[in-house]
Each structure stands twice: as C-alpha cells, then as structure tokens.
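Given the coordinates of chain A, assemble chain B onto it according to the supplied hints.
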Amino acid sequence: MKRKNFLHVHRFLLALLLWAIALNAAAQANITEKNIRFIEYYGFPGGNSAWDDIGYNPMDNTVYVGITDHRDKVALYIYDPEKDAVKLKGFISDLGRLRPFQWQAKIHSKFVAGPKGEMYFATDGGESREEYLMDHPKGYAGGFLMKWNPVENRMTNLGMGMQYESIKDIDVDVTTGNVYAVSYPQVHFLIYDQELNKLKDYGRLGSAHVPRMIFTDKWGNCYYVDWRQRLVKYEKSQDKLLFDSKSLPAFEGTPGEHIITGITAFAKDEKKGVIYLITYGAKVLAFYPQQNGIGKVEDLGGVIDVPGKQRWNYYVPNLNVGNNGKLYYIIGGHGIYAKKDQSLFVEFDPETRTQKVIYEFASTVFVEATGCDTKDKDGNLYFAGKKNAPSNADKGGNLAELGGLATIPFLVKFNPDKTVY
Amino acid sequence: MKKLIACIFQLCVCQVYAQYEFFSPKEAFAIEVSLDNTSLKRLPVYRNAISSLIISGDYIVGGTSAGEGLAPFIFTAALSKREMHSIVDMDNIIPGQRSIRTGFSKGANKTFYAGTLPGNKEKAGGHIIAVTIDAAGTPVVKDLGIPVAGEGIFSLTIDTKGNTLYGITLPTGTFFSYSIATKKVKTYRNLVPAAKDLQLFAEYVLEPDEYICKALTVAGNGLVLGSAPVNRMFAFNPATEQFEFFKKEIPDVWGRRSLGQIESWAMSANGKLFAGNAGDGQLLEVDAVNKTIKNIGKPIMMPQLRGLAFAYDGRLFGIAGALPGYAHLFSYEAGREGFKDFGNPQFKMVAPGIEQGIDWRGFQLGTIASSEDGKYIVMGEDESLSQLLVFPVDAAK
Chain A
1 MKRKNFLHVH RFLLALLLWA IALNAAAQAN ITEKNIRFIE YYGFPGGNSA
51 WDDIGYNPMD NTVYVGITDH RDKVALYIYD PEKDAVKLKG FISDLGRLRP
101 FQWQAKIHSK FVAGPKGEMY FATDGGESRE EYLMDHPKGY AGGFLMKWNP
151 VENRMTNLGM GMQYESIKDI DVDVTTGNVY AVSYPQVHFL IYDQELNKLK
201 DYGRLGSAHV PRMIFTDKWG NCYYVDWRQR LVKYEKSQDK LLFDSKSLPA
251 FEGTPGEHII TGITAFAKDE KKGVIYLITY GAKVLAFYPQ QNGIGKVEDL
301 GGVIDVPGKQ RWNYYVPNLN VGNNGKLYYI IGGHGIYAKK DQSLFVEFDP
351 ETRTQKVIYE FASTVFVEAT GCDTKDKDGN LYFAGKKNAP SNADKGGNLA
401 ELGGLATIPF LVKFNPDKTV Y
Chain B
1001 MKKLIACIFQ LCVCQVYAQY EFFSPKEAFA IEVSLDNTSL KRLPVYRNAI
1051 SSLIISGDYI VGGTSAGEGL APFIFTAALS KREMHSIVDM DNIIPGQRSI
1101 RTGFSKGANK TFYAGTLPGN KEKAGGHIIA VTIDAAGTPV VKDLGIPVAG
1151 EGIFSLTIDT KGNTLYGITL PTGTFFSYSI ATKKVKTYRN LVPAAKDLQL
1201 FAEYVLEPDE YICKALTVAG NGLVLGSAPV NRMFAFNPAT EQFEFFKKEI
1251 PDVWGRRSLG QIESWAMSAN GKLFAGNAGD GQLLEVDAVN KTIKNIGKPI
1301 MMPQLRGLAF AYDGRLFGIA GALPGYAHLF SYEAGREGFK DFGNPQFKMV
1351 APGIEQGIDW RGFQLGTIAS SEDGKYIVMG EDESLSQLLV FPVDAAK
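Chains as they are written, first to last, in the numbering used here: chain A, 1 to 421; chain B, 1001 to 1397.
Isolated chain A (complex conformation):
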C-alpha cells in the first residue's frame, strides 16, 4: 500500500516537473530543457556524491569532477566537451599512492587550474571517524594536497596539510603556483609553497563551523571569512592577513550558525572585474577586489524570496556566471529547500537584481548541486549534481546531510544561450 502511494506521488512529481519545465520554456523563449543536460558517470557504482570538487582546465578545455562513495574511495573523472565524453582517470588512493591508513572519503575542495595547466585539489576525511578516532587504527591521517598533470596523465602527491585535519577548500595563486588551503575542523589557513616544499600555517580563523569557500583574485591574493563573516584577505605583497572591519551584508535575523559558515559559492566575471559571492545567509554580493587592501562589497539582495519563508534560509552551494553576465545557481540541499523536496534552478540578473526560476526539479531528479565558477570556452556552465535515489535503490553511503537518503551523482551541463545537446 505504501509503495503504491509512493509510486503515485512519484508520478505526480514527475508530471509536475515536466509541467514546470514546459511552463518555463513557454515563459522564456531562450531557455528550454534543451539548455540543460545531466551527464552520467560510469565505472563506480558505489559513487554517491560530489562536493565542491569540480573545476575547469582552460589549457585543454576540460572539466574535472571527483566522485566519492563518502567512505574511502574517490574517483577522478574528466569531461571533454569537444568529444562530449566523460573519462574515468582512476581512483585517488591509487593515483596519489596512498596507503590504506591514509584513506580519504572525499575531495571537498574545488579543482583549480595552476599556471602550467596542472589541476590542483585536496582531500577530506568526510566522516565522523575522521574527527574523533585520530590515531586509532581506523582514524584519519589527514588530508593531502594533490596535483594532476593532464599532459602526462600523472598525479603528484604534494603532501599533507595538517595532521588529522581534512582540507575543505583550496585555491591557487596563478602567478606563483602557491596553493592556499583551509583545514577542517580547526579552520586553519595554510599556504603551500611548491618550490620550497614549505607549508605555512597562518592559524585559526573560524569558530565552530568551517566556512567552505576560499577564492583568489587575478593578482593571486586569497580571500576567506572570519566568524563574523568579515572578509579576510591574504595580502600577498605583504605576506599577511588583512581583516575587513565590516561583516558582509546579512539579512536581519540571520542566525549565528549561518553567519559563521560564511560564503558558500563564488563566481568571477573577469570582464567586469567582479567576483560574485553567495553567503550561507542567502545573500548575493558583488565584490570588487583590488590589488592592495580589501575592495568594495555591494549587496545585490537575496537568492530568492519565497513568501512565508525567512530570507536568509536558503542553501546555495554553487554559482556560475554565464557569458551573458547573468548568475546561475541551484537552490536546495542539506535539508534546506525553497520548496519542499524540490530544487530551483535560478537565473539572477546582477544589473536588475532580479531572480527568475528557470527550472524546478523534484529531489529524485536533482536534489543538490555544488561547484563554482566552472565554465568552458563555449560558455557552457557546469555543476556537480546529485539526486535522491529511489527508495528501493541500494546505493549505500547514505548522506546524513541529505536526510540519510541515498544519492546518485551526475554532471550538469547548462548553457543559457544555446542548446547543450
């Protein structure tokens, strides 16, 4: 009886989805279901999710994604838009020459292109045994910095960050190749100098939760936030941290746990000299970096405004900028949804500061997306997507953050200006 009910609901949701897509397609002549495509991975049945581990390599116009079983296996996939093909390059533990006691549960960081076309990322423990078992035989050794050479098809293990600590995010100074990193759970800001093989620890910057995103500007300065959601800039020319005196804009009533988590997504519009940010308090911001000092921040409003819902209470761990200058993001995930059990694909116009929902998806179609600033040379935008698996699917590795439901990962390709089929 229950199963019958479920199927009934499932059909209803599917119908709702198709109706929503059709409605949007009719309302917007330019964006239809032909503008978005879900690309499946292969060769890793246990893989259930991706985090922020997606990135674009401009050297050979490829998109990198790490898919994890959220336990001890992480696969590296590279998507070639020209060939329209996904390739499994191998598993991080093998490619990075890790021993079993150096197990890694996921790549949480983004993939970042270095000055020579190499791709950088870092690894993460991803589970409770990471944080509390430590030097127990089942404990977590710590996260590693890694570099993939696409010409030689070779991974270089650049070594560990902090002992027992995961690495939540990285970025790269494109002028020097130095790697910026932030640790979990102690929120230490680290800089790795490859030439000298030196890792410098700039100390703890956060409180009880690790802000997930760091980003750089075109001069190679790096940005993060402190517990008051103030921008913290690594001022490269002075080798020191600069703390902004003001917090980033937030909606009134934003709870402390949303403030301390900081920025969930960013995307750069190089032509305009702006870096767009989305906060865990659901604000869209325009940040204008400058070579010296911390630049101006402009409040562009909320990610969406659903009547009856708090304006700060939306979850957006993803962001891309189209060639049309508009922002694209997917709202939903980690138990926070604009609409119950649905994700919303939103277009945000920074000029008019208005949002438009262009797709709505049932959680069994598309529940959550991660990924920032991932655009290929043809203006295709990419997100690391996942959907809730049907209740009878045996995927394993259910994610507590998604309500304990099993998920299936896929690559999202979207172009607001043309078809992606």
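Each hint should be verified, as a subset may be incorrect.
For lysine-lysine, the following DSSO-like pairs were computed, each having C-alpha atoms within a straight-line distance of at most 30 Å [as the list claims (entries may be wrong)]:
1) A:309 / B:1348
2) A:246 / B:1041
3) A:272 / A:116
4) B:1298 / B:1186
5) B:1272 / A:296
6) B:1272 / B:1161
7) B:1121 / B:1142
8) B:1142 / A:198
9) B:1340 / A:138
10) B:1161 / A:246
11) B:1298 / A:138
12) B:1123 / A:240
13) A:116 / A:309
14) A:83 / A:73
15) B:1196 / B:1161
16) B:1121 / A:200
17) A:34 / A:418
18) B:1121 / B:1186
19) B:1340 / B:1375
20) A:309 / B:1026
21) B:1041 / B:1142
22) B:1081 / A:246
23) B:1041 / A:200
24) B:1272 / B:1291
25) A:246 / A:34
26) B:1340 / A:246
27) A:236 / B:1121
28) B:1248 / A:200
29) B:1161 / B:1294
30) B:1041 / A:236
31) A:240 / B:1121
32) A:240 / B:1041
None of these hints come from the bench; they were simulated from the model.
Chain B alone, transformed into the frame defined by chain A:
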C-alpha cells in the same frame, strides 16, 4: 499519518547527526577576546594566546603569548558582564618580550606575579612582573627586573607566605629564588640537564621547552616541587636550600621517559597535590611528605595535560591533549566518578555585531582557572585568535 512519517524521519535524521555531543551547557558562554581590525576592545591576531590565567573577584586576568617579533598583553575581562574590560600592551611596559606563560602566582595584597620570555632579538632576558588590578579593573604592571641574565622565565611559583618567588629559566633550566622584599636573586644549577641528558634529548629531537619544567608549586610543607630532566620530580627545601629528587621517576609510558615534564599543578582544599605530566598526559597525585607519586591515569589518549583547577564541589577540572589533536575538558573525582571526558567545549559567544550569538568551539585550550569561590571554570585558548570559555561548575553534569 503524514505527521507520523515526518516525526519518524526527523528522528532518524537526528540520530544520524547525534554521533557525538559537544559540552555546551546553556549557562556557559564564550568571551570574545581577540578580533583583528576592530574598534571593539579586542586583542589583535598572533598576540593573544592566553597562556596565563587567574581570576580576581569579578575579573578574569589573562597574560598572553605572541608570535616571534610581537609583544604580549595583560588583559582583564569581566565575568559578570561577559566582556573584555581592559588591555595593557606589554610592549609599552617592557619592550622585547614575547610571552607570559608562567601563570600568575598570587601574593600579598592581591598582587599577581608572572615571568616573561623574551623574543629572539632580546638578549637581556625575561622579567619578573607584578600585576595588580586597580579600582577601575585595569591591570597595573610593574617591572621587577631580570632575575637571570640572558634567560627567559619558563615557570614560576610563590611560597605560601607570599615572600619569595621560585622559578626556572629557559633555555638552561636554571632554578632561582627571588625575594619580593629585598629583590635578592639566588640561582641554582642543580636542575640543569647534564651532558648525557642533553645527548638523550638530542636523540629524541627535543628542545628545551619540551623538557624543562613547565610548572612549579609549593606544597603545604613549604617544599618547592617540579620536574627535572630526565623524568624526575624534585623537591627544593628553601630552609636548607637543598634539592632532593624523588626515589622513583615520574610515571611514564614505556619507552617515552624522555618526554616526562610537569606542566600543571593544583592543590585540593585538604592539601592534596595533583600534577599533570605533559609527556603522556598522566594525572599524578604527589605526596610532598613521603616524596612519592601515584599515577592516577590518563583522562584521554593524547599527550599533554596543560592545566588543572579545583571547583568548589571538590571536582578537579583539567585540560588534556593539544595539537596535533584537540584539547578535551575533563574532570576527576577520586573515589566517585573518576575521570569524565567532556570533550571539546562549545559555548555561545554574544558580542556587539553578533548579538544573535555564535557557537565557539574550543580546540586548543592552553589554560584553566577557577573563580575565587570555585563556582566558575574559565579556560583560555591558545590560538592565533584566542577567546575565553566559561562555564558554571554546576552546569557540568
């Protein structure tokens, strides 16, 4: 039916998340001590590791340690108002100092004594300082001079009458006494490691701050107690100026005796002495009369036992563990509960600009102290941006 399913689902989700709980009693709170680039009364980055801590009435008195080339602070925070109160930049008192890590020894007239460690460029040495809190709650710091030229002050204590300070220097490990009245200093080299000891430490790649005694105390019988290389407990008799070493070494984990180093002390209301061994984080009960040590055990798996403080109800609270792990708050009750591990404290911090409150989790806790009435426990962090974590003893169930 839908509500029932929702409840069951919620329960499942809660159970998934409830793998561990932080020590977060609702009565506990964090005080924001450090915040760079602000108009608020706060300490700047890299100069705020709270390495000395004592409570005088309503004021929490802190002494900090700074990064190389930077100067520490003495500060007060108001317990009742839950906020920073006053800051003194040590660079304006004694330039060239980097750290106040001895803790505060309480003397007569509510005077707190501490020692400083100089920065690398300061060759003159560390100073003894006397800190009093004026009527406005501001620390008043007096420089009592350098007891041992060219050496920093690593540990310090005061006799029960409040007349004489006893300390150990870094890097040589020279023991000294300082008469508060006459300012006369006497030095003793009995604890300085011998050449063979230095060879042992070199084999284990240990630096002086990893084997010189980190904390001293004065027992009820007047003996000054502390550790000496390698892994020994000593007693200094001020009357005879003689050193005596305990017959048995400090209890160690097999093969790790080179790590033996006392780094904390606390005395119970009935005069029992307890010490913390940095080497492997053992809690020790020390008998200053019979000169024996009882190994009570390790509250957690990690090395280090950085601080101890008795509460009014007889419970001993302490901080075990440090980098590369996290510190845990623990309590010990002899004959009752024994050890209890509270894990990482995570307390609410409310301050201007964060009125809604944020959670502050204590990872690296360097110091712990109890209020004069023993009803509050205060912990100081050892971070690049360090804060105070406070809880009422009755909230620690």
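Going through the hints against the structure:
1. A:309 / B:1348: Holds, at roughly 26 Å.
2. A:246 / B:1041: 15 Å, holds
3. A:272 / A:116: 25 Å, holds
4. B:1298 / B:1186: Cα-Cα ~37 Å, so violated.
5. B:1272 / A:296: Violated - the C-alpha atoms of residue 296 (chain A) and residue 1272 (chain B) are around 60 Å apart, more than 30 Å.
6. B:1272 / B:1161: Roughly 18 Å separates the two Cα atoms, so the pair holds.
7. B:1121 / B:1142: Holds, at roughly 22 Å.
8. B:1142 / A:198: Cα-Cα ~41 Å, so violated.
9. B:1340 / A:138: 23 Å, holds
10. B:1161 / A:246: 50 Å, violated
11. B:1298 / A:138: 21 Å, holds
12. B:1123 / A:240: OK: residue 1123 (chain B) and residue 240 (chain A) at ~27 Å, within 30 Å.
13. A:116 / A:309: It is violated: about 46 Å lies between the C-alpha atoms, which goes past 30 Å.
14. A:83 / A:73: 27 Å, holds
15. B:1196 / B:1161: 38 Å, violated
16. B:1121 / A:200: Distance of about 22 Å is within 30 Å: holds.
17. A:34 / A:418: 8 Å, holds
18. B:1121 / B:1186: OK: residue 1121 (chain B) and residue 1186 (chain B) at ~26 Å, within 30 Å.
19. B:1340 / B:1375: 18 Å, holds
20. A:309 / B:1026: Holds - the C-alpha atoms of residue 1026 (chain B) and residue 309 (chain A) are around 28 Å apart, at most 30 Å.
21. B:1041 / B:1142: At roughly 22 Å apart (the allowed maximum being 30 Å), residue 1142 (chain B) and residue 1041 (chain B) satisfy the hint.
22. B:1081 / A:246: 24 Å, holds
23. B:1041 / A:200: 29 Å, holds
24. B:1272 / B:1291: 13 Å, holds
25. A:246 / A:34: 43 Å, violated
26. B:1340 / A:246: 41 Å, violated
27. A:236 / B:1121: 26 Å, holds
28. B:1248 / A:200: 42 Å, violated
29. B:1161 / B:1294: 28 Å, holds
30. B:1041 / A:236: The hint holds at about 28 Å.
31. A:240 / B:1121: Within the cut-off at roughly 21 Å; holds.
32. A:240 / B:1041: Holds, at roughly 22 Å.
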